[in-house]
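**Student:** We have chain P; now place chain E onto it with these hints.
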Amino acid sequence: MSDEEMMEGGVQKKFCYVNRTAPYGTVYALEALEVVLIGAAFEQDVSVVFMDDGVFQLAKGQDTAGIGMKNFSPTYRALEMYDVEKLYVSKESLEERGLSEDDLLVDVEVKTAAEIRDLMEEQDVLLTF
Amino acid sequence: MLHTVNKSPFQKNTFESCIKHAAKGSAVLLIEDGVYAALKGTSVSAEVQQAMGDITFYALEPDVNARGLKGKVMDGVNLVDYAGFVDLTVKFDRVQSWL
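If you read the protein sequences in the order shown, they are chains P and E.
Those letters in the first sequence? Residues 0 to 128, per numbering that gives the first Met the number 0, in order.
Those letters in the second sequence? Residues 0 to 98, per numbering that gives the first Met the number 0, in order.
Keep in mind the hints are simulated off the structure, nothing from the lab.
It is possible that some hints are incorrect.
[Claimed, not checked] Here are the simulated BS3-like cross-link-like pairs (lysine-lysine), alpha carbons at most 27 Å apart as the crow flies:
no.	chain 1	residue 1	chain 2	residue 2
1	P	Lys-59	E	Lys-19
2	E	Lys-19	P	Lys-110
3	E	Lys-71	E	Lys-19
4	E	Lys-71	P	Lys-90
With the rest of the complex left out, here is chain P:
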């Protein structure tokens, strides 16, 4: 453990949350978001990746009144307040789904599969939902 880590009172690791499922059809998207928020309290180096159907989690204009479920999408905008600022979205996944960055409700960094691969290789811990 470095001096800096000792002073902070703990080890900082690189955590990556990989979101690959669409929202509402299953509970994975909502529960993953809960884990990211809880994890943020531990002051780790957090990255959140949205790929495959996970990109649908960030779609603008979600209105869940008709299905009787809570619309949790505004919470993605609150991630910044928890110092979770590294949000990455797969370029290929967006293209396959006819979406662009403008269709998303938060500012993200669009990355290619190769870039996401490299990002994953840098991590200490990966959690997939």
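**Tutor:** What follows is chain E alone, placed relative to chain P:
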């Protein structure tokens, strides 16, 4: 026959199987994550368009809206609410759910 598909066409092959086995004159109702098959400009859009001649497509509007897809559903896919879902199950003699 009325076919229902409730899974994303990008994640499961149920939509693919459904289209392959739906007879002329039948209807396909997209519900839950199945509504993503109705989205314009995707990698499965062409397949839906091609099948439209023989099959009538419906998508459940509450699921479309929940996922932020309002205004992004391709032309030719009919939007129905839950009451419309009920009507479809009555109109067709049988229901096949592709889970």
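**Student:** Decide, hint by hint, whether the structure agrees.
**Tutor:** Do the hints match the structure? See the list:
Pair hint Lys-59 (chain P) plus Lys-19 (chain E) does not hold up; C-alpha atoms about 32 Å apart against a cutoff of 27 Å. At roughly 34 Å between alpha-carbon atoms, Lys-19 (chain E) and Lys-110 (chain P) are farther apart than 27 Å, so this suggested pair is violated. For the hint linking Lys-71 (chain E) to Lys-19 (chain E), the alpha-carbon distance of about 25 Å falls within 27 Å, and the restraint holds. A threshold of 27 Å between alpha carbons decides the hint, and for Lys-71 (chain E) with Lys-90 (chain P) the separation of about 19 Å falls inside it, so the pair holds.
Consistency with the previously given hints fails for numbers 1 and 2, ordered from lowest to highest.
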